[in-house]
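Residue numbers (this note's numbering), protein chains in the order written: chain B, 2 to 149; chain U, 2 to 149; chain G, 2 to 149; chain C, 2 to 149.
Check before you lean on any hint, since a few could be wrong.
Identical copies look the same in the list; a pair holds intra-copy or inter-copy alike.
[Unchecked claim] For lysine-lysine, the following BS3-like pairs were computed, each having C-alpha atoms within a straight-line distance of at most 30 angstroms:
#1 K120 - K68
#2 K68 - K91
#3 K54 - K91
Calculated directly from the structure, the hints in this document are not laboratory data. No experiment lies behind these values; they were computed from the predicted model shown.
Number of protein chains: 4
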Amino acid sequence: MREDYAFFHSLRVRWAEVDRQDVVFNGNYLLYFDVAITEYWRALIAGQEAKVKEQMAGWMQSLYVVKAGVEYHASAHFDDELEIGMRLTKIGRSSMRFVPEIYCGAEHLVTGELIYVYKDPESGAPAPVPQELRALMLGFEKMAPEGT
Amino acid sequence: MREDYAFFHSLRVRWAEVDRQDVVFNGNYLLYFDVAITEYWRALIAGQEAKVKEQMAGWMQSLYVVKAGVEYHASAHFDDELEIGMRLTKIGRSSMRFVPEIYCGAEHLVTGELIYVYKDPESGAPAPVPQELRALMLGFEKMAPEGT
Amino acid sequence: MREDYAFFHSLRVRWAEVDRQDVVFNGNYLLYFDVAITEYWRALIAGQEAKVKEQMAGWMQSLYVVKAGVEYHASAHFDDELEIGMRLTKIGRSSMRFVPEIYCGAEHLVTGELIYVYKDPESGAPAPVPQELRALMLGFEKMAPEGT
Amino acid sequence: MREDYAFFHSLRVRWAEVDRQDVVFNGNYLLYFDVAITEYWRALIAGQEAKVKEQMAGWMQSLYVVKAGVEYHASAHFDDELEIGMRLTKIGRSSMRFVPEIYCGAEHLVTGELIYVYKDPESGAPAPVPQELRALMLGFEKMAPEGT
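Generate coordinates for the entire structure from the input sequences, incorporating the hints supplied.
Put into structure tokens, the structure is as follows:
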């Protein structure tokens, strides 16, 4: 539900993103999620010190999508203005789960799921989410430390 | 597992499909699934009468993706030759579920899920999968009529 | 040159739009031009009566790209904020030529060319650009009626 | 003209590549050219020694598109099988010009132009096309050494 979301990113559907049935091609919602999560990271570090911003670039490189899903309730069309809500629903030792939702005005079009794993840049093995990143995210989401 | 698949479609990763980490952008796997299912439909009606081929065009227009998912096990890279296995795992009254898997040589990169609903072209409401289409698919997949 | 442009549209480079060399894939500049020209049409009719807005939808459907070109001076990278200038440089009996330019801050990255032909929706043959559309465009561009 | 081409690459138009008018989005032809030129490079070194194949990887990284253009004669549609002819028409000291053409059956859909410049990987300045690459290309195209 819309009220569950503190963070939204808006974008307009491009001509090249709709198919011959004038609906957004199903794979493009993952593109929209990706655009929204980039803005989520930007919002997360807005107002933080330069040092945090530098760290963020490294953290982002260490986060890998391991699962993505989309449920399609209704279609987006050319030139629609979409609002993409992005919300962390769980943060574990090395993984985090986001549940994006897409709205067009009052209409709820899409619900998604994105699971990321934090990996050690050298070994490629799952590694603990850095404490600073975890604290930033819990604060941003106003979640309790247990992260659920 | 590879042995579960009777149908495969091959394609080569394009330059524009990989990102700055030289891995296929996560949303592009839904594009690959879509390419593979188009070829699946083509294989389904190969050798059928012209009448079936005409019907197929209408059936395809009536099938809507309601859910799509991807689990990422390993990454595809530029110029990799991928094999996309496509398999019907369940056909209900008005819905069908496919489980695509993507391989690069012996490596299993991705497992997906695609759920389609057959809709009445006029009302947009879920409608029974036409008997001829159901029979074609069960035959193609060598599945028992209950479809599970 | 930047000063030649009255209309600009801004956008941010998406992760999926850059390639493994971390530069925007060359074909994506035509996508950016297309996004910008959609906004150009929107700006053209902003403040016009409802009747004009309805006509615009039909006019847009009758305009076909017959030629497109891109000259690459410098590269755009992930997350860059680009400004796309769009400008009509010539309007003939049935054709029009736009020269888009893309900037990132002070840097001039790309110059393009887009030639559209107005076609009769039924015959598909080139047809005169409607007088109302021509007048709107010349006014918007503050061009003299000869249109050059 | 088709007879001018010794090298063709075939591909089938994907659902996600056509727009709501059921024609291939204009920017996607640059994507098709890029796919075809990748295959052109592959054909160029087929049958060459391993050493040449290794060099090719470096040469490709040093070639930058500086200009691209498309002329649209007719439209490609979903599921069309396209043939993309690729041909070197000029090779200068540090630049090369290709003229791709796209056909669907007997119909000539698109003519393009691609200009690449060979750049020094370190300085980024235009550098002479390596002799081995030049010789390979002239041989492949059966062009005289002056390259015009």
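Tested hints:
1. K120 - K68: For K120 and K68, the Cα distance is within 30 angstroms both inside one copy (15 angstroms) and across copies (28 angstroms).
2. K68 - K91: Both. Shortest intra-copy (14 angstroms) and inter-copy (22 angstroms) distances satisfy the 30 angstroms Cα cut-off.
3. K54 - K91: within (23 angstroms within a copy, 46 angstroms between copies)
Of the numbered hints stated above, none is contradicted by the structure.
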